[in-house]
Amino acid sequence: MVQLCASVAVFFAGLVADHVHEVVPSSLSGQPEMWVEVIASEQLPAKRIANSFAGVYLQVLPDDADSYNDVSTEGSFTQTYVSFDIRVEEEAEKEGIHTLFLRWSGGDVVGGGDSLYAVMVDKEEGSFVPGLATVRDATVAIEGTQYSGCCYDAAASHECACVSDLSVCSPPTVAVDRVSAQGFGAQCPAGRGQVDRVPAPLWYEFAGGNVLDFDAEPWDVKCEAQGTGPADSGRDAAQWDLTRGTYELRLYPREDGTAFDAFYLAGPSADAPRSDLRLSKGASTVCFGPPPPQEAPSQKKNDDDDESSSSGLVVGLIFGLIAVVLTAAAVVFRGRLLVTAAGPSLGLLTTDEASSYLEMEMIASKDDPNAAMM
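Numbering (this note's numbering), first residue to last: 1 to 374.
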């Protein structure tokens with residue numbers, strides 16, 4: 001697959017129309033949904049998503065209200081996905097925190113949950129790259145609460161607010177009973193200001209895009225770290241700290257009907273895209289040439305290592321010779337060596353009882369300076 005590299009302005013861009021992506025089907029049978037290329041001009045007005053950059057976009061089809069909100073680990077992402085290969089170079093302005101902006105939309109204006117998950121994969125390791133640590137409001141599944149259901153806002157936020165009494169739901173919201181809300185994974189606030197820490201989010205959810213128009217939010221950055229509900233909190237940005245290497249940006253649907261047009265991944269020194277930034281076909285930041293090789297260790301470092309090794313060998317030999325001399329002297333005199341303030345020397349023996357003629361003579365010379373040595 002074609003790799004994408006950072007532009008001169010240090011951002012990555014990928015357009016569906018440039019065909020620099022790969023679509024991977026579900027890994028499970030019974031999941032027929034796929035990211036399918038759609039030509040906008042060939043769609044009926046009621047189904048067409050307006051304002052695609054080049055009139056070509058991807059959409060998860062068939063759109064028959066299937067959802068994938070039961071995700072929790074890497075292995076739980078079994079649905080279809082679209083991927084882009086990204087190459088990060090080893091340069092100060094290219095390594096660091098990267099922020100994702102998506103141009104996407106829902107596939108209809110009814111129901112809730114048209115949404116997707118963004119994931120970054122380390123291609124060498126084959127595993128999800130965790131995002132930056134964050135916190136989020138603590139929630140619990142509606143089936144484990146005292147709530148009777150939720151009031152669904154189909155016109156704007158697509159959020160389903162949990163309530164104890166469904167009679168409080170008024171237009172434009174719609175009352176949704178507990179069983180139905182449980183079916184699409186409704187979450188209710190734990191209350192009392194409780195928050196959950198998300199130290200290493202494995203995915204980011206972009207949700208609530210039921211507007212059939214890519215220009216409704218041209219470059220969406222607000223999302224929810226490890227969210228799964230029909231509406232994201234909008235309190236997070238999809239961010240990863242990337243070093244030199246090859247990565248894979250994957251977009252998994254949370255619900256079918258979701259559509260995608262382009263992405264913009266801002267490097268550590270790149271500006272955020274302006275809302276009026278429009279990309280034309282061919283604007284994807286394709287790499288030119290293979291990645292630069294890893295730098296080999298410098299010769300100077302090797303020379304220094306050799307010099308250090310040689311010096312260590314010489315010092316070792318000197319200490320070894322000294323040890324041999326001291327050992328030999330100790331064997332001959334069979335006594336202790338005297339270390340004086342002037343430094344070590346082969347001084348006189350201090351053994352009280354001589355065990356050889358030589359030792360007796362040395363002791364005698366110590367006691368009587370005029371005694372002759374044999």
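None of these hints come from the bench; they were simulated from the model. It is possible that part of the hints are untrue.
[As the list claims (entries may be wrong)] Cβ pair distances, simulated, as ranges:
id, residue 1, residue 2, range
1, 76, 180, 46 to 56 Å
2, 76, 140, 11 to 21 Å
3, 288, 193, 25 to 35 Å
4, 174, 288, 21 to 31 Å
[Stated by the list, open to error] Below 30 Å or equal to it, Euclidean Cα-Cα: the simulated DSBU-like pairs (lysine-lysine) are:
id, residue 1, residue 2
5, 123, 94
6, 281, 94
7, 94, 222
8, 123, 222
Virtual Cβ for every residue (Gly too), placed ideally from N, Cα, C.
Here is what the structure says about each hint:
1. 76 x 180: 46 to 56 Å: violated (23 Å)
2. 76 x 140: 11 to 21 Å: Taking Cβ atoms as reference, residue 76 and residue 140 lie about 20 Å apart, which means the hint holds.
3. 288 x 193: 25 to 35 Å: violated (52 Å)
4. 174 x 288: 21 to 31 Å: Hint violated: Cβ distance 52 Å, outside 21 to 31 Å.
5. 123 x 94: Within the cut-off at roughly 18 Å; holds.
6. 281 x 94: Cα-Cα ~24 Å, so holds.
7. 94 x 222: Holds. Residue 94 to residue 222 sits at ~23 Å (cutoff 30 Å).
8. 123 x 222: holds (26 Å)
Checked against the numbered hints listed earlier, the structure breaks hints 1, 3 and 4; every other hint is satisfied.
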